[in-house]
Amino acid sequence: MSVASTALAGAFHHVHFPQTDETLIGVVTDYLSVPLLAGGAAVVVATPAHRDRVWSALAAAGVDVEQAVRDGRLRLHDAAKTLRLFVADGRLEPARFEAVVGGLFRGTAGVGRPLRVYAELVALLWAAGQVDQAIELELLWNELSNRMTFELLCSYPVGLFDDATGAEAFNHVCDQHGEVIDGAPVSTDVDAWRRFPQSTQTARLARRFVRKTLQGWGHDQVDLALLVVSELATNAVVHARSDVSVGIARRPGGVRLVVGDTSSVPPVHRADDVRALNGRGVRMIAGLADGWGHEVVDGGKLVWVELNTQPS
Amino acid sequence: MMALAPLQELEPGSHVCWVLRDSSEYASLGAAVLAEALLTNEKPVVFGPEGGARDALSDFAALSADPGSAFLGGTELVPSLMASMFEEQSALARTQGYQGLRLVADMDWLLPLRPADEDILAFELLLDRQSYQLGATMVCVYRTDSFVANTLSAASCVHPTTVGAASPVQFTLIAGQDDGWRLLGDIDIAVGVNFRVAIETAIAAGPCVIDASGLEFLDVGGMRHLADAAQRHGTPVRVIGARSIVALSWRSAGFAELAPSVEFADQPVSGR
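Protein chains in written order, with my numbering: chain A, 1 to 312; chain B, 1 to 272.
It should be emphasised that the hints constitute simulated quantities derived from the structure, not laboratory data.
Careful, some of the hints might be misleading.
[Claimed, not checked] FRET-style restraints, in silico, Cβ to Cβ:
hint, chain 1, residue 1, chain 2, residue 2, range
1, B, Pro112, A, Arg96, 50 to 60 Å
2, B, Arg232, A, Ala286, 21 to 31 Å
3, B, Gln133, A, Ala80, 48 to 58 Å
4, B, Glu257, A, Val34, 48 to 58 Å
5, A, Val34, B, Pro6, 54 to 64 Å
6, B, Glu257, A, Asp220, 30 to 40 Å
7, A, Ala127, B, Asp266, 48 to 58 Å
8, A, Gly218, B, Asp266, 21 to 31 Å
9, B, Gly51, A, Ala286, 32 to 42 Å
10, A, Gly159, B, Pro236, 38 to 48 Å
11, A, Val100, B, Pro112, 32 to 42 Å
12, B, Asn150, A, Asp220, 30 to 40 Å
13, B, Arg243, A, Met148, 24 to 34 Å
14, B, Asp266, A, Ala49, 17 to 27 Å
The beta carbon of each residue, even a glycine, is placed where N, CA and C say it ideally should be.
Using the sequences plus the hints, can you model the full thing?
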């Protein structure tokens, strides 16, 4: 069993990690067209290029964008200019954020209209190297949601997490959101789990998570688990081109590792071609694990591996 | 300002990658490294492009040159020519009463040759063997203004010591005892490209022993690069001191059949 979403920071706050602009525009259009077509409201705070593309995509999706603007139900703002209204000397000013953004939302939503927002503010801060401020802004969004009713979609281009700092912070970003749109599925049948970005750092971070968890549970035979999780995480990043979820469940005499990605293509076991350099990871897992398999689920697949780790 | 300590009291035969973020520190820290040659009886040498930075250290050096123009004809990076030059200079230094060479190299001298990252990595790995065999102390200075992050990663993974890097070096392949090599750290997708070039360079140099007692992790991708290099060169490779999971996973993935010239043995070797 799996869930494609996580109920952590509240169901109003969603995040998406687009690989391409096309993917991003598609997700944003789907997200905003829902309230707009139903008479609700939407706010877009994005770069000029993305604002133009969202405008065109909403129109193509059947939204009368010009009428929505005249009605005050659709507003589009420049992300950089908006950021400057509540960031001074590299520091966020919470009171100004609430005044500026809260005022914008109150004016757009009117009385009783459902409101959805797409904002690129956190991504701008992150791309400028202001990672701490980006996380702080995510917290401000969550605090604003205690005083106003709206749904928010943030996006972070997946390339922002391909260095050690970004990759380390990925799970913290996910924790600030109630749902990762189009993220890797997560097994519910685990005792510990984390998300990792599509990044060259993912395998290392996944190994660190598994090592720390297993050693915390008193397992001293961790080498095989590290090898398995590294291989599965690498396959997800390279072949599925996906972010990754890693879950660990206690089992008698060992553990069950469950790695999720967004592809439904099953892992390939190339057992017989002795000349092939590629495709040997699954063969290795099959030879060393007590059992392994996969399950296609909503949003991708989960690959599970049972290992004997001899807890002390 | 970078602390001097990592560059002080370098043992003869040290090979250091110095990632220099503030060019204003080059002259003072470089001079301090060369000045210690008086204590170690090494011949102080400074390499770098012509100009202010090299001139600032020339007073501290018995030999000052731009190796690109002086030894390589200014065309391309040829490791064998550099190796021959170091052997000659090392022998000359000994006839002059020194015990060896102490070199500070401003690696901006590479820039006109426009080498690819893999060329720099291969060159530095073979230079590391020279440093080890000749007992030559070499400090290779890579300026962040001149070299991008990928190049710095490629250079640092084949130096025993790196100072000034923004993040820890994930793996190193360096010269070891008896013309062998030492492999340390973690090999995974993050460093796969550099490991492929490094292991290819080592295996292409001939039959070898790789001391893997410091290897913490080797993923299937890394095994593939090892198998590929050994298979294509037909070179006997003996891997010693690796963790038992490495040999076990190598066999389980079927690489033992694919690359039978690679042998795993238990005996570790102490070294650098």
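Going through the numbered hints above, which ones does this structure break? Give me the numbers in ascending order. 9, 11, 13, 14
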